[in-house]
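Following the hints, put chain B in place on chain A, whose structure we already have.
This is what each chain is made of:
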Amino acid sequence: MSGRPALEQRYRRVLRLLPGYYRATWEEDMVATFLDSWLTGDPETDQAVLTYCRPSVPEVASVAGLAARLYLGGAGAPRRYFAWGQAVRGAVLAVLLGNALLGLGQLLLLVRSDHLIGWLPAAPGGVWFDLSYGVGIGWVVIFVAVVLGDLRTARFIGALVIVAQVVLVLQAQLGDLLISPLATWTDWVLIDLIPVLALAAFHRDAPPRARRPWLLGLLALYLLVSLPLTAADLTGHQAWVPDNPGVGCLLVALLCLAHVPRAWSRRPGPGVWSLTLVLLATLAGLNRLITLAYYPHDPHLVKVGLVELLIMAAAAALVVPDAGRAPSAVPSPPPSRSLG
Amino acid sequence: MTIRSLTGQAFYILTALANGPRHGYGIVGDVADLSQGRVKLKIGSLYGVLDRLSSEGLIEPDREEAHDGRLRRYYRLTRDGRGALADEADLRAASARVVWARLGLGGAEAAG
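Keeping their order, the protein sequence lines are chains A and B. Basically this note's numbering = 1-based index in the first sequence + 1104. Basically this note's numbering = 1-based index in the second sequence + 116.
Next comes chain A alone, as it looks inside the complex:
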C-alpha cells in the first residue's frame, strides 16, 4: 500500500465503502479508470496530481451512492443485501409515517392558529410557529411522495424540511428556549436527518411499495391514535398523554406483539418484517433515551419514559430471533425492471 501514489491510496480508501464481494471484482479496474481520468501524460504534472490531488466530492458521492444501492439491495442483489434493503426501506417508511402523523397534528395546529374552526381553542401563531407547521405538512408530503414512488419530490421537500428545522432549532437555541440543546440536536439527527438521508435506500432497483396499506395506515393511525390523544390533550387530560417518543415506543411495541404469532409460527415468513421492527425499536429506543433529557426536574416522567422503553424492548426481543433469519431466509429478489 505504501508504494502506491497518495491519490490512489485516497481513492482506495473511498472504495472501502463498497461491499467486499463487489470490490473483489471491480476495485482494480475502478482504480485504473479513476487514475486514467486524472493523468495528463506530462510527468511533472502527473507527479503533482498523484501526490496532492484528492477524489472530488461528486466522485466520492458516486461511490457512496453505489454503496447504498449495493448494501441496501434491490432487484438482482445478493439475498443478504436484499433483506437489509427491504428492512431499511420498511423502517424508513415507518419513521416517515410517524413524522407524517405528527405533521397532520401540525396541520390541525395551523387551522387552530388561524381560528378556522371557532370551537377549537386557539393555537399560537407567528412566523416561527407557521414555519414549524409548514415543516409538519412537509413530512406528510414526503411520506405520500415516497409511497407513490415520486422520490424526486420526496428528496426535494426533504431537503427543504431539514433546512427549515435547522433554522427552527437554531432560533430556539439562540433564544435560550431549549431545555437540552444536545438532546434536541440528537433527536433531529435520529428522527429527521437520518430518514431523509435514508431515502437513498429507495433507489431504482428497489421493489415498488404497496401503496394502499401505507396510506391506509396513515389514516388509521391518525384516527385511532393521534386524534384521541389530541382530544385528551385539549380536554385537560394532558397527564394521560404520553410524549411523542413515548407514543413511538408503545406503537413499536404493539407492532412487535402483533407480529409475534407469525414470527413464532411453524412456517414463519422471510423475517424481513421482524428485521424492520428491530431497526424501528432501536431507533425508537435511542430517541426515547435521548429525550429523557427533556425532563431534568421531573423524575416521574423519566420513570414513565423508562417503562415505555422497557415495554418496547421486551416486545422487540420476541421478534429478534426471527429477524436474525432474514438475511438467509429471504427469497431471491426479482429481476430488475430496467436493463443497466
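These are calculated hints, taken from the structure and not from any lab test. Certain hints may be false.
[Stated by the list, open to error] With the C-beta cut set under 10 Å, the calculated list includes, among others, these residues of chain A facing chain B:
| # | residue |
| --- | --- |
| 1 | Tyr-1115 |
| 2 | Leu-1122 |
| 3 | Asp-1133 |
| 4 | Asp-1140 |
| 5 | Ser-1141 |
| 6 | Arg-1173 |
[Said to hold, decoys possible] Listing some non-contacts, in silico: residues in chain A with all C-beta distances to chain B over 12 Å:
| # | residue |
| --- | --- |
| 7 | Leu-1139 |
| 8 | Leu-1174 |
| 9 | Leu-1211 |
| 10 | Val-1231 |
| 11 | Ser-1236 |
| 12 | Asp-1280 |
| 13 | Asp-1296 |
| 14 | His-1307 |
| 15 | Arg-1308 |
| 16 | Trp-1318 |
| 17 | Leu-1331 |
| 18 | Leu-1333 |
| 19 | Trp-1368 |
[Unchecked claim] Now the stretches of chain B that chain A is said to cover, found in silico as 3 or more residues with beta-carbon under 8 Å:
| # | region |
| --- | --- |
| 20 | 156–163 |
| 21 | 167–173 |
Each residue gets a CB set at the ideal place from its N, CA and C atoms; glycine is no exception.
The following block gives chain B in isolation, referenced to the frame of chain A:
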C-alpha cells in the same frame, strides 16, 4: 413478456461499445462525446452500470492490457447486448419519428 428498456446511461455505454471493445476510461470519454457532453459518467456510476450490464449478460470482459503499471480491462458487447441496443435504438427512433411528426418537422419521412 415485458420488454425491459435500457436506462439512459446503459444506452450510451452499450453504444460506446458497439464500435469495438473499450476500457473504462475509454467508455467515459466516448459517452461524453456521444451525448455531446450531457452525460459525464462518474466512476462509481460507470461501474454500477457495467456491473449490471455484465450480470444481465449484455457485456463481457474482452482482454486486459498493461498501461503505466496498471491493468486496463476492456469490455465488449455480447450478442444479447447487441440485440438489446438495437431494440432500444428502434424504440427511440420510433419515438423520435412521432415527435417530428407532431411538431410538423417532416422528420417522419426522413427517418422512415
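Q) Which hints, by number, does the structure contradict? A) 7, 8, 14, 15
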